Amino acid sequence: MKTREDKIFNIVGHAVMILLTAMAIIPFILMVISSLTSNGTLLSDGYSFFPKEWSAYAYQWVFASNGGTVLKAYGISFLITGLGTVCNLLLTIGLAYGMSKKDLPGKGLFTFFVVFTMLFNGGLVPTYINYTNIFHLKDTFWALLVPNLLMSAFNVLLMKSYFMTGVPEEILDAAYIDGASEFQTMVKIAVPLSKPIIATVGMFAGIAYWNDWNNGYIYLVKRTDLYSIQNLLNRLMQNISALTQNASQVGNVNQGLAEIPSVSIRMAMATLGILPIVLIYPFIQKNFVKGITLGGVKG
Amino acid sequence: MTMAQKKVAAPDGRKKMSWRRFRRYIPIYLLMLPGLIYLFVNNYMPLPGLVVAFKQYNARKGIYKSDWTGFENFKYLFATNDAWVITRNTICYNLVFIVVNTVLAIVVAIILSEIWGRAKKFYQSAILLPFLISSVIVGYLVFAFLSVENGYINNAVLPFFGKEGISWYSEPKYWPFILVFVSAWKSVGYNCIIYLATLLGFDRAYYESAQIDGATKLKQIRYLTIPMLKPTIIMLTLMSVGRIFYSDFGLFYQVPMNQGALYSTTQTIDTYVYRGLLQLGNISMSAAAGVYQSVIGFILILSANLFVRKIDQDSALW
Chain A
3 MKTREDKIFN IVGHAVMILL TAMAIIPFIL MVISSLTSNG TLLSDGYSFF PKEWSAYAYQ
63 WVFASNGGTV LKAYGISFLI TGLGTVCNLL LTIGLAYGMS KKDLPGKGLF TFFVVFTMLF
123 NGGLVPTYIN YTNIFHLKDT FWALLVPNLL MSAFNVLLMK SYFMTGVPEE ILDAAYIDGA
183 SEFQTMVKIA VPLSKPIIAT VGMFAGIAYW NDWNNGYIYL VKRTDLYSIQ NLLNRLMQNI
243 SALTQNASQV GNVNQGLAEI PSVSIRMAMA TLGILPIVLI YPFIQKNFVK GITLGGVKG
Chain B
167 MTMAQKKVAA PDGRKKMSWR RFRRYIPIYL LMLPGLIYLF VNNYMPLPGL VVAFKQYNAR
227 KGIYKSDWTG FENFKYLFAT NDAWVITRNT ICYNLVFIVV NTVLAIVVAI ILSEIWGRAK
287 KFYQSAILLP FLISSVIVGY LVFAFLSVEN GYINNAVLPF FGKEGISWYS EPKYWPFILV
347 FVSAWKSVGY NCIIYLATLL GFDRAYYESA QIDGATKLKQ IRYLTIPMLK PTIIMLTLMS
407 VGRIFYSDFG LFYQVPMNQG ALYSTTQTID TYVYRGLLQL GNISMSAAAG VYQSVIGFIL
467 ILSANLFVRK IDQDSALW
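Quick note, the sequences are listed as chains A and B, same order. In the working numbering, each residue carries its 1-based index in the first sequence increased by 2. In the working numbering, each residue carries its 1-based index in the second sequence increased by 166.
Excised from the complex, chain A in its bound form (with noise of 0.2 Å):
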């Protein structure tokens, strides 16, 4: 039963949780409305939520006027997203199986190996040395995809457990004597009853690679036809941040800016960059929770 109590605090607590989701949710319109705000509007008023003179030319120069730079970024995000998640899904299922074999000779010899990797790690310096003196990726696709994200050790325990807790050991014992091979076990058993972690794991995989700028900011230096949207966007903000530099300088903030005619179109490409996440939300949120919950105090 509910107490006056338990009603006065659901109130309250209601009009806390609005007004957090407020702010969270504030700075994503302003920066839809902002991409569907005419460019002239922007310059003269500023970025608003009720704008003078809406316009979709921001998204039409998008998508048709410009050489296809935006698209081709675009492009290569969802290709390095796609490929990047399943190569990391196939050597995070197979590290994290055999870790989870209880009698696996070496065992605590891998473990070490996998965990050494959270605890004590190179840095930028020596990274950077490796991948561009020794791998030569600088300046190439893979430098999308290598660095950093092609697995994680996290995420190896976090399988290599969900292995050993979610995968009966009866049933697979029951696939040996069947005479199936290591491979048709993990790929026939193991791995259909662990898809909740799988697609755990995809997400976080999935997530990281869409959102990352780093490596191409650091990898691709004149190879800028290689950008993803992140690193498309992050050189438009750079070029921002000079402007308003020289402006302030100059004194006369117009004139600079408006031979640019991209304030808006920087806010439709952030927009773009969000897009997909936001469509495959339901997704994320359900996965997350389970993910975060799995993963105890870990994460």
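Hint data in this document are derived by calculation from the structure and do not stem from the laboratory. Just so you know, these numbers come straight off a predicted model, no measurement behind them. Quick reminder that beta carbons are idealized off the backbone N, C-alpha and C, glycines included. Careful: at least some of the hints might be erroneous.
List of simulated lysine-lysine pairs, BS3-like, C-alpha gap at most 27 Å [to be verified]:
{"hint": "1", "chain 1": "A", "residue 1": "K288", "chain 2": "B", "residue 2": "K286"}
{"hint": "2", "chain 1": "B", "residue 1": "K396", "chain 2": "B", "residue 2": "K383"}
{"hint": "3", "chain 1": "A", "residue 1": "K54", "chain 2": "B", "residue 2": "K383"}
Pulled from the structure, derived: some chain B residues nowhere near chain A, Cβ distances all over 12 Å [as the list claims (entries may be wrong)]:
{"hint": "4", "residue": "W250"}
{"hint": "5", "residue": "E330"}
{"hint": "6", "residue": "Y389"}
Use these hints to put chain B onto chain A, whose structure you have.
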């Protein structure tokens, strides 16, 4: 497998530690191999490169043939004001983030567990959204509010109160507040998930009997919820303290838009290493700062884990 079966199976397995047993596992080793190779390439192969911190880097000679300088790079680094600023910023921001984000996450989790109605699900979805977008886009969103010429704050909010516009991107004093706010905004939806899951696992019977005894809602929270959450709070806080020497590179690099005027309050070890390597080309100095971070970070993570293991072995990393 039950415990009894395990006990029977174990000695049997140990006896047969032979080539035959090993051979049975070859397919499994093959499955593990790609992942192990990747960890080797991504995490172990760079380690010898750490020596560059102890060398006078010379691009023509390469890393391994450059001249040794011992601890010169470190002496140099710590002689500058930078070392103090980046250490202070990294640690202080993390401490404030830990306190603010933990309190906020617990408050939100308690509210979400106590209120009812369909909107609950919607709130949770909405506050998680900022966590899922890239820091580049977070930088854009902040810029839409703070841009000197076009920003919402300077164009709509401050004039409404009759105040002058502020040039946010050249005034370091505002940034501690901005960054703490952005960090909280970005992570509250994520941080509250684990607390909420813990809360929902509590036995409602405690609350019912407390209610019968006349405990008010706030008293229930104070004397039931918080004490029961304590282990989770301690664990998560220890984990964060272990990572206090690492900062969220995206937050500190993208949100202040790499503005030099703001370095005094926005530069952390991670952004310093990055700028040293890729913008200033000062590889030795950058590497020295990196080694400093790796070594102290390692000690801190290790100690945090030892504490966690003492409290609850299952929650420790190993």
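Now for the hints, and whether the structure bears them out:
Only pairs whose Cα atoms come within 27 Å are accepted, and K288(A) paired with K286(B) is accepted, the gap being roughly 14 Å. Using a Cα cut-off of 27 Å, the hinted pair K396(B) and K383(B) holds, with the two alpha carbons roughly 18 Å apart. As the CA atoms of K54(A) and K383(B) are separated by approximately 48 Å, the hinted pair breaks the 27 Å bound. For W250(B), the requirement that its beta carbon stay farther than 12 Å from each beta carbon of chain A is met, with the minimum near 20 Å.
Listed as a non-interface residue, E330(B) keeps its Cβ farther than 12 Å from every Cβ of chain A; the least gap is roughly 14 Å. Every Cβ of chain A is farther than 12 Å from the Cβ of Y389(B); the closest lies at roughly 15 Å, confirming the non-interface assignment.
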